[in-house]
Amino acid sequence: MDQRNNVGIVIVSHSAKVAEGAADMVRQMVGDRVPLAAVGGNADGGLGTDVGAIMGAIDRAWSEAGVAILVDLGGAETNSEMAVEMMPEARRERIVICNAPLVEGAVMAAAEASGGSPLDVVRATAEELMGG
Amino acid sequence: MDDAFKRRLILAMTETIVSHAEELTSLDQAIGDGDHGLNMKRGFEAVLADADNIAAKPLPDGLKAVGMALVMKVGGASGPLYGTLAMGLGKALPPDPTAAEAAAALGRAIDEVKARGKSDAGQKTMLDVLVPVQAAFATGGADLTDRLATVAREAADATVPMKAIRGRASFLGERSIGHMDPGARSASLLVQAVCNVFNEA
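Protein sequence lines, in the order shown, are assigned to chains A and B. Residue 1 is where the first sequence starts when you use this note's numbering, and the numbers rise one by one after that. Residue 1001 is where the second sequence starts when you use this note's numbering, and the numbers rise one by one after that.
If we strip away everything but chain A, and leave its shape as in the complex, we get:
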């Protein structure tokens, strides 16, 4: 199956190590059945998030089914929202930022996406972790 048919997952952490580690866990769960990109750190390579890098990650994980973004702390969410707004208009409606914990949310969302679920279902599965 062409993985590009499934919803893509983007992991955004303040730390590149956290982002890569979470991506490793996702890969172990779903292999290459979902487009996946992880990004962490600011433009200088320190802790933080980088709007340009997040836009690049959305591109790498792009799927016509859309992309679900998982974030860790405040700035990751704000910078991800900014990145989404700076994407081409035709793509914006197919990108969601999940209100879910980063690692668990990424794994759950990717597992759901690997079965071919649409974007709203992938998001709902990640957000169930918040306990409703």
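Worth double-checking, as some hints may not be accurate.
Output of the computed footprint for chain B on chain A, the stretches with three or more beta carbons under 8 Å from beta carbons of chain B [unchecked claim]: (1) 49 to 63; (2) 116 to 125.
Computed far set for chain A versus chain B, every beta-carbon distance over 10 Å [unchecked claim]: (3) Leu73; (4) Glu81; (5) Leu129.
Derived from the structure by calculation, the hints contain no laboratory data. Keep in mind the model is a prediction, meaning the values are calculated, not measured. Beta carbons are placed, not taken as given, at the ideal position from N, Cα and C, and that holds for glycine.
Starting from the known structure of chain A, fit chain B onto it as the hints suggest.
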């Protein structure tokens, strides 16, 4: 507003952020994640590096360029927030605004910051400086730039007893009380720097 004046504004804002970077960082270490000073310094140094190009643009386009540089370079939540403020001003300002037009434009830009941060005044953020400064600006009157600098400084001080309910400091809840909000402090520094440049004009 000529190019030289726009360059002076950029230089004054960068200088105040750079010279207070350690203070902003220590305020942020108390109630945030300790990166506000460095993040703001990185952002404004990027703006300063492009100052000639920015100053040569009409004011609205120059502000949009400042906003984009802050969004792309700051790295923390303050990048999109200050970037939205600058880009919002760029969208709302006419090329050669009157004071009343500038105050109205600042009001619209602050509304965009509120939407971006899902926040409002009273939540221990930069908005607790920007909102009262805009209100005083819109009221107008004599010695406006002197008074706005004072309003900004006092408004930042007034965040000390507030409890944070947005942003990283909100994790601390009651423990955020007793510390000045770093975003309010940086907003106050920027307002004071801009007012000083207008005072010297």
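Violated hints - listed by number, lowest first: Going through the list in order, the structure violates hints 2, 3 and 4 and respects the others.
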